[in-house]
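*Asks:* Residue numbers (the working numbering), protein chains in the order written: chain W, 49 to 159; chain C, 194 to 309.
Everything labelled a hint here was simulated from the structure, so no lab data went into it.
Keep in mind that the hints are not guaranteed to be accurate.
Pairs of lysine-lysine, BS3-like flavour, derived with a Cα cap of 27 Å [to be verified]: (1) C:Lys-250 with W:Lys-117; (2) W:Lys-100 with W:Lys-51; (3) W:Lys-51 with W:Lys-117; (4) C:Lys-202 with W:Lys-100; (5) W:Lys-146 with W:Lys-102; (6) W:Lys-51 with C:Lys-250; (7) W:Lys-146 with W:Lys-100; (8) W:Lys-51 with W:Lys-146; (9) W:Lys-100 with W:Lys-117.
Covered by chain W, according to a simulated footprint, are these stretches of chain C (three or more residues, beta-carbon under 8 Å) [as the list claims (entries may be wrong)]: (10) 234-243; (11) 248-261; (12) 298-305.
Because the structure is a prediction, the values reported are computed rather than measured.
Note that the Cβ used here is the ideal one computed from N, Cα and C, for glycine as well.
Here's the letter readout for the chains.
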Amino acid sequence: LAKTTQPISMDSYEGQEVNITCSHNNIATNDYITWYQQFPSQGPRFIIQGYKTKVTNEVASLFIPADRKSSTLSLPRVSLSDTAVYYCLVGYAGNNRKLIWGLGTSLAVNP
Amino acid sequence: DSGVTQTPKHLITATGQRVTLRCSPRSGDLSVYWYQQSLDQGLQFLIQYYNGEERAKGNILERFSAQQFPDLHSELNLSSLELGDSALYFCASSAEMTSDLYNEQFFGPGTRLTVL
Numbered sequence: 049l050a051k052t053t054q055p056i057s058m059d060s061y062e063g064q065e066v067n068i069t070c071s072h073n074n075i076a077t078n079d080y081i082t083w084y085q086q087f088p089s090q091g092p093r094f095i096i097q098g099y100k101t102k103v104t105n106e107v108a109s110l111f112i113p114a115d116r117k118s119s120t121l122s123l124p125r126v127s128l129s130d131t132a133v134y135y136c137l138v139g140y141a142g143n144n145r146k147l148i149w150g151l152g153t154s155l156a157v158n159p
Numbered sequence: 194d195s196g197v198t199q200t201p202k203h204l205i206t207a208t209g210q211r212v213t214l215r216c217s218p219r220s221g222d223l224s225v226y227w228y229q230q231s232l233d234q235g236l237q238f239l240i241q242y243y244n245g246e247e248r249a250k251g252n253i254l255e256r257f258s259a260q261q262f263p264d265l266h267s268e269l270n271l272s273s274l275e276l277g278d279s280a281l282y283f284c285a286s287s288a289e290m291t292s293d294l295y296n297e298q299f300f301g302p303g304t305r306l307t308v309l
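Next up, chain C with everything else stripped away, as it sits in the complex (with noise of 0.2 Å):
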């Protein structure tokens, strides 16, 4: 158990709805960080939030957005939902950074959203 909660654990919708996914991050990590795993697909990171600020962008779609609430719990918005969305999203919390090394990440179990 790596401290690292995500809900739901399965989430199926339909096109064009939106959905939104929890994290709660391990108990005193202050960045947050979604990925997003297709079948078959490796890891794509979507953002970072960092003490309830976006710090770093990577190859999410205007669609979805992202927010950390002052708890440090985040969430992932996905709207316009598209079969493609399809995948197991990952949400994964590490420490404080105090250096520019990207301190280990500790993944949650995932949300698998099904989109039909």
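Chain W on its own, in the form it takes in the complex (with noise of 0.2 Å):
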């Protein structure tokens, strides 16, 4: 059974780069790698989405191994508005299609 693991909290301070590697072993073929950030009462927002190797956009980047069984958001010099929870995601909309979300990590980020 698919299932995607987190780390349950990191902490970090302004300025630095913060990685969160989510796991994913039984990632198939198929599966496209997604993270969210989530605030406090919102619902969740995508950030960033990818298959393989790396993807960048203006506010993260995602670094995908070869054998894809992980995958590593990368959010440069974080500020304290970057404090909230990451959402890890495997899904394949396609046939046998599924939604497997991680449990989240809490970022904080202090001054």
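Now that you have both chains on their own, put them together as the hints suggest.
*Replies:* So this is what it looks like as structure tokens:
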């Protein structure tokens, strides 16, 4: 059964780079990896999505090794406003579709 | 503002009762997803509808059901409510799927259900 595993919490300081790793050992060939950010009492918000290698957008980078059994969300130069819960999601929308969410990583950014 | 609306914002009810949560997706989005988030818990995917038809099922209890109407709004029905059903229920929508990729989901503000 597919499962995603993330650290429960992480601490960082303003200006540092933060890397959050998600383990998805049973990822299937067609699965995509997506990361969401959630602030208290709000719905999650899409950050980035990828299939393999590296994807970068204006807010984050996503690193996926060749075996795809893990992925790392990289947040460059975090600020206090990046304090949130970050979710890893493994999903496939074709036949035998599925959406497997991790339990989330609570990131605390300190001054 | 994601463009997804959910009503009501808060709902307080008693055990054994039945409630209906409503979701209106973003204009043009055909997919609607329902999630449950209990206190200090992660997101539990319940069910997805695409253009009126059930498309994917997660950890949805038999006491729960959902549907998507022709105007694309969706309702989640929760019956025989138990204390453990108290949670934040999110609806999300996404654009038409043209591939096997799950498109970006836009989440509503959620409905906070309290079962006493």
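*Asks:* All the hints need checking, so say for each whether the structure fits it.
*Replies:* To see whether the hints hold, each was checked on the structure:
Our distance criterion of 27 Å between C-alpha atoms is met by Lys-250 (chain C) and Lys-117 (chain W), whose separation comes to about 24 Å. This hinted pair checks out: Lys-100 (chain W) and Lys-51 (chain W) have alpha carbons roughly 18 Å apart, not beyond 27 Å. Between Lys-51 (chain W) and Lys-117 (chain W), the direct Cα distance comes to roughly 11 Å. Compliance with the 27 Å bound is thereby established for this hinted pair. At roughly 39 Å between alpha-carbon atoms, Lys-202 (chain C) and Lys-100 (chain W) are farther apart than 27 Å, so this suggested pair is violated.
With a C-alpha separation of about 23 Å, the suggested pair Lys-146 (chain W) and Lys-102 (chain W) falls inside the 27 Å cut-off, and the hint holds. With a C-alpha separation of about 16 Å, the suggested pairing of Lys-51 (chain W) with Lys-250 (chain C) holds against the 27 Å cut-off. Distance check on the hinted pair: Lys-146 (chain W) and Lys-100 (chain W) sit about 19 Å apart at the alpha-carbon level, within 27 Å; holds. A hinted pair counts as satisfied when its Cα atoms are at most 27 Å apart, and Lys-51 (chain W) with Lys-146 (chain W) qualifies at roughly 11 Å.
Distance restraint check for Lys-100 (chain W) and Lys-117 (chain W): the Cα-Cα separation of roughly 10 Å lies within the 27 Å cut-off, and the hinted pair is therefore satisfied. Under a criterion of three residues with beta carbons nearer than 8 Å to beta carbons of chain W, the stated coverage of the segment 234-243 of chain C is upheld, 6 such residues being counted. Check result for the segment 248-261 of chain C against chain W: holds, 3 residues qualifying (beta carbon to beta carbon below 8 Å, three or more required). Look at the segment 298-305 of chain C against chain W: 6 of its residues bring a Cβ nearer than 8 Å to a Cβ of that chain, three or more, so the hint holds.
Consistency with the previously given hints fails for number 4 only.
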